[in-house]
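Enquirer: The residues making up each chain are set out below.
There are 2 protein chains.
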Amino acid sequence: MKRIYFNEVVTRDGFQNEPEFVDTDAKIALVDELSQCGFAKIEVTSFTSAKAIPMLRDADEVMHRIQRVPGVEYTVLVPNVRGADRALACRADELNLVMSTSETHNLANLRMPRERSFAGLRDVISIVSGQRPVNVSLSTCFGCPMEGDVPQSEVLAWAERFAELGVRGLTICDTTGMAHPAQVATLCTNLRERFAGLQLTLHFHNTRGMGLANVLAAVQSGIDRFDGSLGGLGGCPYAPGASGNITSEDAIYMLQSMGYETGIDTARLLAVARRLPEVVRHAVPGQLAKAGRITDLHPAPPSVAELKEMFL
Amino acid sequence: MKRIYFNEVVTRDGFQNEPEFVDTDAKIALVDELSQCGFAKIEVTSFTSAKAIPMLRDADEVMHRIQRVPGVEYTVLVPNVRGADRALACRADELNLVMSTSETHNLANLRMPRERSFAGLRDVISIVSGQRPVNVSLSTCFGCPMEGDVPQSEVLAWAERFAELGVRGLTICDTTGMAHPAQVATLCTNLRERFAGLQLTLHFHNTRGMGLANVLAAVQSGIDRFDGSLGGLGGCPYAPGASGNITSEDAIYMLQSMGYETGIDTARLLAVARRLPEVVRHAVPGQLAKAGRITDLHPAPPSVAELKEMFL
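From first to last, the protein sequence lines are chains A and B.
The first sequence maps to residues 1 to 312 in the numbering used here.
The second sequence maps to residues 1001 to 1312 in the numbering used here.
The hints are simulated quantities; they were obtained by calculation from the structure and are not laboratory data.
These figures come from a predicted structure and were not determined experimentally.
Even glycine gets a Cβ: it sits at the ideal position worked out from N, Cα and C.
Any given hint could be a false lead.
Label-pair ranges, simulated between beta-carbon atoms [what the hints assert, rightly or not]:
#1 B/Leu-1165 <-> A/Ala-271: 40 to 50 Å
#2 B/Gly-1197 <-> A/Glu-278: 51 to 61 Å
#3 B/Asn-1190 <-> A/Arg-192: 27 to 37 Å
#4 A/Pro-299 <-> B/Pro-1301: 52 to 62 Å
#5 A/Ala-271 <-> B/Arg-1192: 39 to 49 Å
#6 B/Arg-1192 <-> A/Arg-192: 28 to 38 Å
When you get a sec, could you build the whole thing from the sequences and use the hints?
Expert: Structure representation (structure tokens):
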């Protein structure tokens, strides 16, 4: 029974794309419920400017008021030194930095070239170093919605530069759901060969329906850490109406069904997932919450008993 | 480049579960459009009683009026000898018979025990023999929503009995989306060992989000034939709100992206898929039609040009 580690990102990556503000109490309640489910890590919020992402303007309050459960790491997204200071003040267990491997995507999302992002993140890493582990999320590793192809050599080169700075982990993100399983297998194999000492996490989107197939391909290539979002929240502006992040409960349940150990209490997680549409006030893409587990059987219609009597 | 064969089932399996009647002209137009996309096979309709499935009461007319494209096989579902006569009169290229490997599911769906179904289908096979190839679809091969586990030995035993009757192919159906990739890999490997001479088709549902992961696992186990439904139509009464059959265009696009040859013109197929919500008058689960292909790039926002000027 191989162990797979899940990082739940719904209150950060999921909520960030929601049109309506989710109030602070609801965010805290959700993190507290998720803390009881057995996740290895929860990405709670982001220390960006309130102007850039109004949804996460309550980052400090959320971090202070959540009930931390031992064994769960509470990570936060940090864009710069100012964000790092706030994250440290909130006693985040890990700082998650982010930049894109595509120049155009970095300019569009972070409003600066990749080299400038790298320099800024290097400063964050040197400040935080020794105090907290750092993870770096590399966006658009499987393609950029504006540039197209992102060569794997480019991804590996950026990964190398951060590895040299002593980060604990790298998250390889399929930001807009452009990955396919063959590409995933190749990149994951290369990453594991080059960065055996790092925590390697894969972050997939289900934009084109391939999310769980990509998880399967990654697991087959030896990857044991994944980001997922409750209910599949976290749509992408380039694909209106399409699915967002892979659905945590669907991905976790698939791997558990296959015999992997995830540490997650699926019944509890499903109960939380089923309350999510109320929190965000719309239906969500996740399937398991609608269909129930494979072992949740249905009663046979009354006619079956009659037919059995008649025939058997 | 390995060849994968797709059977499009939207006008039979997909429409069968639709609440509103799709008129005959719309069905014919859709089959005709699908015929231009490069499918190996199209399951056009079902020769059941009009009372049992009112949606398909126009089966004979649809079969007579579609424009057949050479190279595409037009198959039909046939429940009994009377249906077989109608199918032969309509010059169906193949007859597709169906029964469940679960006794309870067979009683609930076909209103008779499996042995009685088998005897009826054996009669159909002996009548049709030599005139047309026969395929048998075995339902609930990965689990029954009422009984639960269906042992693989049971599936193999029913497959064996039909193989002995000289059928050309078997479709192994995950009728309510209970399969997971490890189970798929085992059963597919066993089936290929035992029935090397038969056309083996896998029929997956995306009820719990694992549809394309199961396709991937099946392909890895050497399977090269799949059923799919345009737009992912074909929900299941046991999982209201959940996805139905795997989405043809999503599955095909995944395999093409991985380098498999499907014979399908994806651009054409996507154009057809995008008209489907109009035909059935509701949104459909398929993702690719919403997100577009990976190569359908988006323009960078104007700010990117300004930032490039400023920084680069």
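Enquirer: Could you run down the list of hints and mark each one as holding or not?
Expert: Taking the hints in turn, this is what the structure says about them:
A beta carbon spacing of about 48 Å between B/Leu-1165 and A/Ala-271 agrees with the range 40 to 50 Å that was offered as a hint. In this structure the hint that B/Gly-1197 and A/Glu-278 lie 51 to 61 Å apart at CB holds, the actual value being about 54 Å. Roughly 31 Å separates the CB atoms of B/Asn-1190 and A/Arg-192, a value that falls within the hinted 27 to 37 Å. Look at A/Pro-299 against B/Pro-1301: about 54 Å separates their beta carbons, and that is inside 52 to 62 Å.
In this structure the supplied range 39 to 49 Å holds for A/Ala-271 paired with B/Arg-1192, their Cβ-Cβ distance being about 40 Å. A C-beta distance of roughly 30 Å is found between B/Arg-1192 and A/Arg-192, which places it inside the suggested range of 28 to 38 Å.
Comparing the model with each numbered hint stated earlier shows that all of them hold.
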